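Protein chains: 2
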Amino acid sequence: MSYKTLEPFFKPKSIAVIGASRSPEKVGYQLVKSLIDVGYEGKIYPVNPKADEILGLKAYPNIKSIGETVDLALIAIPAQSVPEVLREAGECKVKCVIVVSGGFKEVGGEGAKLEEEVKRIAREYGMRLMGPNCIGVYDPHNKIDTLFLPRGRALRPKSGEIAFISQSGAMGVALLDWMTMEDIGLSCFVSYGNKADVDEIDLLEYLLHDEKCKVIAMYLEEITHGRRFIEVASETSKVKPIVAIKAGRTMEGAKAVSSHTGALAGREEIVEAAFKKAGVIRAYDTHELFDYARALATGRVAFGDRIAIVTDGGGAGVMATDKLTDEKRGVGLKLAELKEETIIELKKHIPPFAIPHNPIDLTGSVTPEMYGDVIDIVARDENVDGIIVIVLIHPPAMNVKVVDEVEKAYKSTNKPILVASTGGEPTQKILKMFQERGIPSYPEVERAVKAMKCLVDRGKYLKKLGKGIH
Amino acid sequence: MSYKTLEPFFKPKSIAVIGASRSPEKVGYQLVKSLIDVGYEGKIYPVNPKADEILGLKAYPNIKSIGETVDLALIAIPAQSVPEVLREAGECKVKCVIVVSGGFKEVGGEGAKLEEEVKRIAREYGMRLMGPNCIGVYDPHNKIDTLFLPRGRALRPKSGEIAFISQSGAMGVALLDWMTMEDIGLSCFVSYGNKADVDEIDLLEYLLHDEKCKVIAMYLEEITHGRRFIEVASETSKVKPIVAIKAGRTMEGAKAVSSHTGALAGREEIVEAAFKKAGVIRAYDTHELFDYARALATGRVAFGDRIAIVTDGGGAGVMATDKLTDEKRGVGLKLAELKEETIIELKKHIPPFAIPHNPIDLTGSVTPEMYGDVIDIVARDENVDGIIVIVLIHPPAMNVKVVDEVEKAYKSTNKPILVASTGGEPTQKILKMFQERGIPSYPEVERAVKAMKCLVDRGKYLKKLGKGIH
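Residue numbers (numbering that gives the first Met the number 0), protein chains in the order written: chain W, 0 to 469; chain F, 0 to 469.
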């Protein structure tokens, strides 16, 4: 039940901000501001011996003087002063601490020693510690925001079902910012930095029990405890899928990891084997990470590798087919062979010159209704395990109604359906509409195809676990 | 000099629109409208026996009645009537014809016969014919627009240096729309459809002589005359780079090509060998096509495979390094080993805890000025053939000034520099600014790395031709 000890990071009833400041350019100001901006509902205690009030909140000279229970303390003071404050927090029975400050292991020498001390103190008092050198937690559901970057500088995604945990703070912030633009929902974000105490394994355990989270996306540079990682990741991935980037997979990349965090990236073959054993789905770039997570968040998987493609652009259909069936440069899935009765049924709903076999090409004479009818028919074909729907919105009779039509068909089946559409702003609008209705959508056919592969792999994994029976 | 015969497609002094209409939902209306909207400066003659005037222009009952030279005729009437009108155009000495109408080879049987007839007539009268079943030409420099899709439905990119020719009209339109959003400049666009006469080879010859065009991007489904393609593409690629997608590269993809256009996709090994021989750079998806074209449009190439990475996010630097050096999943280039004097010089301009070796990590303490100084120093290192600059805009001291700084350094060197930046709207704005200053920029580090590989390959090719000496 050790994951319970992490709860105050996500659901603290009170937060002390050590190093709170009145100067907007200071981290200690922004920490208080972010908590206010996110609408944190518990008590905030700014701690600063030189201030009476910060951002309208009564300030305290030290933790002791608060005189109330503190669930979580955020620490943003120079590294050398952290041990002393940490002890004070321990004396005051603070449950969890996020050390935002840098200047520890990542700078080597004295910093590394300081980190050992900090670790020891936290253990001594039974406090859970996140960081140092991290940006902590953003949880839009529980309204927690310990990110010291102003909202104008780093956008925050809306609430959703994808948990994102990142060893790198900068990578985390860049991707949160990007997720916001892409309208991708977040269950929670954690940047855990040097992981003196709380690491990716602890977080996996916590997220396994967090109901809001349906998928876990990870950015990792280092896996410290391989065996335990496999153990916990295996348990977790049985219940919710894990997608992970493991950076530093090449010799040169591993060197770069060690020179910027002092961590050992680990041998690529070992990581590969560990991921496979634990059922962790691997992503190789940031788009893949969230393309896969979004597809998995629907809860639908493909229990087979026979995929149907529905398109209104012949060329896009060919490109999708290439990517789908190519073993080397593509994902090596199969183009589903439609049953004779499916083809007969399709012909009733599409123009005579349209193509009723896979890839199904509705041509420029397409209507939104055609998409609804065709997907519905194809989804009922037992030879089809998943459908990729390519929606080019330029043909004369096309309009936003296509979203309703696809959604109707989507709801009438359990099979995974992924949408792809290429084009400018009007296309982007439609992509977002699909996204809002819970249907994963992608700006390039190849990305939808890769995401489908991920659903096929997940289906295979669940089958292996004996969970594949519908 | 046969390419000269194509000039009236791009620079016609007068255009007749056969099948011009007063009804906005008709193709024949939109053809006239698109010419007016683009600001076409020659004469437009709408031809329609039932109208006196169309969109404020005097209409003519037939081509003969125009009584003036017609350089280009656009034909948008039912397929069966095309031969007759084509003969009339021939009699009236029309130089070039774009047959927009469908219903030819792509529908098989009677359509194929009709196409043969159309071909014969054009040849008989010495007219060049584009299509049938195509959307023709959009040339923002010469102000020609034969696209029958309203501007509200299909956006038009700004003028630029990339020519884009596409066998598929739908793919062409979707990508023009996307290019507009991405702010990618176009020298001209051609959709040549069934290529009864004008094909990709003719267009390559024309573009070789078109000064506005610096790079050629192609979407191909079929190469009909392999040997001649290699010949002309080789000549062209000596002068300007060609990047091409060849769809239908898998067995299933090839089948899809033949079922939607009746074309033979050709054996993949042969295409691969032909491209290699002709120096055509291959793209496997639409992002690659334009990512590469944009990098090549700068005119800079890498005369070696030793790449430097400058970043302000450690994680992003590691990801770029992985992609750069990985032979299997990446591009297999080398991380440049910086000279000792470069490192000494770098240390003078970056914080003590920043990383002065490749990948160079400026950390969250980065300033815009640091980018200028560092790129400048690195570009002077003889061990560096190209630079990837990763700009995360979230650190406190970062702002749009970084664009000026990078531009200054960019201008002080001949080596290729590609920028990558991940994030939401503010990041997208910065990416566009780089783009506008002529510095290719990408929303994901991996895409910048792949584009750099393309510049390395182009450098190798030019060296082989004896053009590598600076």
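Incorrect hints may appear among the rest.
What the hints assert, rightly or not - Derived, one-sided and incomplete: chain F residues facing chain W with beta-carbon distance under 8 Å:
1. A169
2. L207
3. H208
4. H224
5. R248
6. H393
7. A396
8. E445
What the hints contain is simulated information worked out from the structure, not anything from laboratory work. Remember, predicted model here, so these are calculated numbers, not experimental data. For every residue, glycine included, the Cβ atom is placed at its ideal position computed from N, Cα and C.
Comparing the hints with the structure gives:
1. Interface hint at A169(F): satisfied, since its Cβ lies 4 Å from the closest Cβ of chain W, which is below the 8 Å cut-off.
2. The beta carbon of L207(F) comes no nearer than 25 Å to any beta carbon in chain W, farther than 8 Å, and the hint placing it at the interface is violated.
3. For H208(F), the interface hint is violated, since its Cβ never comes within 8 Å of a Cβ in chain W; the closest pair sits about 28 Å apart.
4. Interface hint status for H224(F): violated, as the beta-carbon distance to the closest one in chain W is roughly 21 Å, over 8 Å.
5. This hint holds: R248(F) has a C-beta 5 Å from the nearest C-beta of chain W, less than the 8 Å allowed.
6. With 8 Å as the threshold, the beta carbon of H393(F) comes within range of chain W, its nearest partner Cβ sitting at about 5 Å, so the hint holds.
7. Because the smallest distance between the Cβ of A396(F) and any Cβ of chain W comes to about 10 Å, over 8 Å, the interface hint for this residue is violated.
8. Here the hint on E445(F) is kept, as its CB sits about 4 Å from the closest CB of chain W, short of 8 Å.
The earlier numbered hints that this structure contradicts are 2, 3, 4 and 7.
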